[in-house]
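> What follows is the residue order along each chain.
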Amino acid sequence: MLIPVKDNRRIAVVDDNLAVRDSLQLLLGVHGYDVEAFAGSVGLLASAGLGAFDCFVIDLKLGGPDGPHLLSSVRARGFQQPAILISGWEVESLERVAAEAGFVAHVRKPMLITSIVDEIRRVLRPREGRPPD
Amino acid sequence: MTDIPAKPPAVPLDQLDGPAHQLHFESILDSVPDAMVVTDEAGIILAFSRAAESLFGYTADEIIGQAVNRLMAGRDRMNHDTYIGNYMRTGHRQIIGKGRVVIAARADGTLFPVDLKIGEARIGDYCLFTAFIRDLSEQQNAERRMQAMQSELAHFSRLSAVGTMASALAHELNQPLTAVANYLEASRDLLDSPDPEIREVLRGALSEAATQAVRAGEIVRKLRSYVSRGEVDARPVRLTALLSDAVALSKVARERADIPVTVTVDPQADRVLADPIQVQQVVINLIRNAMDAMAGQSNARIDIRAARMEAGGLVEVEVCDNGPGLSAEMRDSLFKPFATTKAQGMGLGLSICQTIVEAHGGTIRAVPKTSGGTCFRFTLREDKDKLPT
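Going line by line, the protein sequences match chains A and B. Numbered per the numbering used here, the first sequence spans residues 1 to 133. Numbered per the numbering used here, the second sequence spans residues 134 to 522.
Just chain B, same shape as in the assembly (with noise of 0.2 Å):
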C-alpha cells in the first residue's frame, strides 16, 4: 500500500448558501480565463466575465441587462432570437454542447473571429445559458485554430489564402511583365538599324518578350482557376444570409469597418442558386472595393440589395456606395485584369468577381448613380424549387 497524502476537507460547494454562492459565482466571473457570458432565454445578458470585458470592450456594468446579439455579427446577430426560440420550441441544439465557429463584434465595431462554446441550465421554470467565448484572431498556433474552425468558417481561410495568393501572386505576375517591357523597349531602338546581326538581336527579344507574356498569362490563369474551378458548386442558399455574412467578413481587419453597411432583400429574391463561399468573395470585394473608394469620406454609406428581375428567372443584387463614382476611362477597363487605380492594387478583384458571376451563368456591370457613386451590380439564377423553411 503506498501512502495517500492527507488531503484538505473538500468545500462543499453542495451546501453552499446564498451570498456564500454570489461571492463564488463573481470569483468565477473574475478569474475564468475566457470570457465567460451568462444570458437568459430572451438572450438578456445577466453576467459578463473580467476576461468578456476586455475582449469586447465593455464594461460588466454597461452591457448587462444588453442583448446578447449586440455581441455578434453577421447572420447570427440576426438570427440569433430565432435561434434561442427553435430551441425553446423543439429542443434542437443548434450550437448548444457542441462549440464553432462565429464572427463576433467588440464595443468599437471591429469584427473578430471566435470559438464559441455554450452549456445550459435549467433552473426550476428557467433556463440559462453560459457562452464560453475564445478568440481565435489572438490565438498563437495558427495551424491549431485552422483544425479548430468548423466548416462555417472554412471560407475565411480560403480567403486569406486568396490574400495570400494574390501578393505572392502579384510579385510572379511582375517579373515576365517587366521583362516584356524590357525587352520591348530594346527592340524598339533596335527596330530601324539594317545590321543583320542587330536584327537577330530584335528578333531574339521579341521572342523572349512573347515567352513572358505568355508566362505572366499562365500566372493568370492560374489565379482565376483557383478561384473558379471551372464547374461550380451551385446550391440552393438564402441570399440574406450569404449577404450579411460577406458584409460581416467584409470588415474583418479593416480600417474603415465603422462605414454603414446595410443590406435589403426583397422576400421574392431570398432563394437563389449559388456557391456561397465564392458569391461572398465577389460581394467583399464589390464592398472592400467600395470602401476604399470611399477612404476619408465622412458620409461614406454602402447599400446591398436584391431583387427578383421580371425576366429570365434571375435575381440581381447591387452593391451601392456614395463615393467619387468611376471616370469613363476606369468603366471601360474596369473588368480587365491588371486594371486598377489603386497603388497597391493587382487589379484582379474585379476581373475574379466576373469570373465568379459568369461561371454562376450571370453577369456584373458598373451603374453611375445619379446622385453620385457607384452601384456595381451582379445577377445570380433563383432557386426556383425553394427552399423549404
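One chain only, chain A, in its complex shape (with noise of 0.2 Å):
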C-alpha cells in the first residue's frame, strides 16, 4: 500500500459496487486503515480472518443474501466486532432492522453529510479498549 499506515486497525468493507468498494478501500486507506473488500456474502463469510477485523462495513443491498443477514451470519459464527451499515435504499423500519441485525451505525449514501470516516472513528474503541479476536 503506497499510503502511509497511521492505525493499522482492520476493516472488512462489503459492497456489490466496484467503484464503491474501490473508493472505500482508498478512503479509508488514506486515513490509516487496513482494509480488505469484499463484493458479497461469500466473500466475507470464506474469509479465513473473519475474527481478525476490528470493524465491518457492509452493504445493505447486496447479490444474495442482504446487509442483515450477513451479520447475522457474522454474529452466528461468534464474531462480535462493531459493524456499520451502508444504504442507498430507503427501506421502511430500515432502521430497526440495522439495529436488530446488529448494526450500531447506519450511514447513507453518498454519505455526503456523514462521512463513513467519523461512523468508523466512533465506533472503534480506542486501541487499549479492543476486543479480542
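Errors might be hidden in some of the hints.
Here are some of the chain A residues that sit facing chain B, going by a computed Cβ distance under 8 Å [claimed, not checked]: (1) ALA19; (2) VAL30; (3) GLY88; (4) VAL104; (5) HIS106; (6) LYS109; (7) PRO110.
Everything labelled a hint here was simulated from the structure, so no lab data went into it. On a predicted model such as this, the values are computed, not experimentally measured, just so you know. Glycine is no exception: its CB is placed at the ideal position from the N, C-alpha and C atoms.
Dock chain one against chain two, each of which comes alone in its own frame, and use the hints as you go.
Here's what the structure looks like:
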C-alpha cells in the first residue's frame, strides 16, 4: 500500500458495487486503516481472517443475502466486532432492521452528510479497549 | 347414436310472473361475481349488487336513488351526464357495449382503476343501463391487467413505470455519488503530501471521481430523456379534462387522498397544445408535492387554476397549497436535480417537471402565496385554432 499506515486496524468492506468498493478502500486506506473489500456475503464468510477484522462496513443490498442477513451469519459464528450498515435505498423501518441485526451505526449513501470515516472512528474503541479476536 | 342424458325441465324464464321476476333479479344481485349497478337514463341508481356493496363501500340501501357519478372520478364524474345526454340524443355510443378502463371512487374517497362494461335495455319508453365493474387494482395477474387496460389508462402504466424506474435509478445513482464522495474525501486528505507516489494516488482518485460523476450524469440523462424524448407530441387538448384526470390519478394509492382539490379553468384557457400524458405528470407531481408539504395539516387544501395570459398566446396553470411555504434556500434550488427536503425523495420531480414544461415551450416557477403556502405556476401554449366542440 502506498499510503502510510497510521492505525493498522483492519476493516472489512462488503459492497457489490466496484466503484463504491474501490473508493471506500482508498478513503479508509488514506485514514490509515487496513481495508479488505468483498463483493458479497460469500467472500466475507469464506475469509479465513474473519475474526481479525476490527470493524465491518456492510452494504444493505448485496447480490444474494442482504447486509443484515450477512451480519447475522457473522454473529452466528461468534464474531462480535462493531458493524456499520451503508445503504442507498430507503427501506421501511430500516433503522429498526439495522439495529436488530446488530449494526451500531447506519450511513446513507452517498455519505455526503455523515462521513463514513467519522462513524468508523466513533464505533472503534480506543486501541487499548480493543475486543479480543 | 350416443345416449343423451335426460335434461331437467328448463325454467321458463320468459314466463316468470312479476314477483318471481323480482326474486330472480334479487338472486342475481346477490350472486353476480362482478359489481353490478343498474341506472335509469338520468343516471340514478336503481339496483346495486352485493359485490358492488363490498367494492364501493356503500350499502344498496344508501346508494339506491343517488346519482351514479358518485362512483366515478376525474372527467368521467364531470361528464357522465353529458355522455348519457349525447347517447340519448344521438345514439352515439361512447362506452356502451365496448367496455373500457376508468377510475372509480369508493365511499371513503379512495380511487381505484376498474374495467367497466355497460349494457342497455329498452323497456317501452324507458331505458335502463346495467354496468358491470371489475376491480383492476385487485386483479392477480398484473400482466393481463396491463393488456386489458385501454389507451385511456396507458398513462397509468406509464406513471407506475416512472415510479419503479425512479427508485431503481435512485439506487443506481447513489453508487457513483458515493464513490465520488469517497474519492474526494480521500483526495482532500492526500492533498498536502509532497510524496510523488501519493501525488499519483491523488491524481488517480480525482480522475476516478470525475468518471463516476459523469456516470451519475448519464443516469440522470436517461431518466430525463425517458420522460421527455426530445420532441413533444403536443396536440389540442382540453385543460379541464386533463386537470381533472390528473387530480384523480394523483390521489390513487395516496394516504392524503382526502385533501380537497379544486379545479377552476377559465373557459378562455381551456384549449391548449400539450402532450396530455406528460403535462399530467407535471400536474400530478405538483399535487403530490403539495400533499407531502401539508402532511399532518388539518386545513390542507389544493387549488388548481388556469387562466389565459395577457400576452404571448399562453395559458398559465397554477397549483397552490396552503402549506408552510418554501424557505429562501429551497426556492433557489427548487428545480435543480437532487435538491430535496424529503427523506425518501430523489429530488428529481421538479427537475422533470421543468424539462417537460420547457419542452412544451413554457416556463415553470414557484411563487409564495401572501396568505401562506406556495403556488407553482407553469405555462402552456394556447390552441389558437380552437377545438371543435
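> Please go over all the hints and tell whether each is borne out by the structure.
Okay, the hints, checked on the actual structure:
1. ALA19: holds, 4 Å
2. VAL30: holds, 4 Å
3. GLY88: holds, 3 Å
4. VAL104: With a closest approach of 20 Å, the VAL104 of chain A hint is violated.
5. HIS106: violated, 13 Å
6. LYS109: At 4 Å from the nearest chain B Cβ, LYS109 of chain A passes the 8 Å test, so the hint holds.
7. PRO110: With a closest approach of 4 Å, the PRO110 of chain A hint holds.
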